[in-house]
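Each protein sequence line maps, in turn, to chains A and V.
Residues 1 to 114, numbered by my numbering, are exactly what the first sequence covers, in order.
Residues 1 to 115, numbered by my numbering, are exactly what the second sequence covers, in order.
By construction, these hints were calculated from the structure, which means they are not laboratory data.
Some hints here could point you the wrong way.
[To be verified] Here are the simulated lysine to aspartate or glutamate pairs, EDC-like style, with alpha carbons at most 16 Å apart:
1. Lys64(A) to Asp88(A)
2. Lys49(V) to Asp88(A)
3. Lys102(V) to Asp98(A)
4. Lys41(A) to Glu64(V)
[What the hints assert, rightly or not] Derived list of chain A stretches under chain V, where covered just means 3 residues or more per stretch with a C-beta under 8 Å from a C-beta of chain V:
5. 66-77
6. 97-103
[As the list claims (entries may be wrong)] Per label pair, the in silico range of CB-to-CB distance:
7. Asp8(V) to Gly53(A): 36 to 44 Å
8. Glu59(A) to Ile11(V): 25 to 33 Å
9. Ala1(V) to Asn51(A): 21 to 29 Å
10. Thr55(V) to Gly16(A): 33 to 41 Å
Glycine is no exception: its CB is placed at the ideal position from the N, C-alpha and C atoms.
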Amino acid sequence: GAVVSQHPSWVICKSGTSVKIECRSLDFQATTMFWYRQFPKQSLMLMATSNEGSKATYEQGVEKDKFLINHASLTLSTLTVTSAHPEDSSFYICSAPDSTYEQYFGPGTRLTVT
Amino acid sequence: AQSVTQPDIHITVSEGASLELRCNYSYGATPYLFWYVQSPGQGLQLLLKYFSGDTLVQGIKGFEAEFKRSQSSFNLRKPSVHWSDAAEYFCAVASMNTGFQKLVFGTGTRLLVSP
Chain A
1 GAVVSQHPSW VICKSGTSVK IECRSLDFQA TTMFWYRQFP KQSLMLMATS NEGSKATYEQ
61 GVEKDKFLIN HASLTLSTLT VTSAHPEDSS FYICSAPDST YEQYFGPGTR LTVT
Chain V
1 AQSVTQPDIH ITVSEGASLE LRCNYSYGAT PYLFWYVQSP GQGLQLLLKY FSGDTLVQGI
61 KGFEAEFKRS QSSFNLRKPS VHWSDAAEYF CAVASMNTGF QKLVFGTGTR LLVSP
């Protein structure tokens, strides 16, 4: 099946700094990718839809200026957490649908803000 | 709005015993329903999905699920659990008005398998 990778798998940053997370579709092209956030022992919450060549669509309550999304190519979407604070610590997961609309998920990135 | 309820946070099953994980959804029209499994360090893996047709859906790893419209349920079953099935299981729903791409997840059920 299709593979989606994320990098890094784990990152620690200091409060006030920014961190970028990459999501790549390795063997298929994805005009749309999705970013989710998962708190410990909780479900996945959709944050935004990343659209290749256009602006991302954010879910209600998600700060677009804090979570910058760039979908620069058909295989890469990036999520930048700007001016990170401890409350942004979480597990971030991306997904990408293939041509049959089946979603493939990345392994996730654990962000810890100190 | 769509919603998914997984009433069991944790379930412990003996290896070799049968398993049923419950999922109830709320959606006005016929939903697209999914079951995913999440293992530590692994991405979510699709076990099975229901779009239409036969309400009993077969998936990977010996799992099956039954769509019951009258009960708004899509319960996941496996006749004989293996220790490797220990993981977090998520039920999810997608709707037509998002092109069936936006997934709304349940809160998940953690499956523990005892020897």
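Contradicted hints - numbers only:
2, 4, 5, 10
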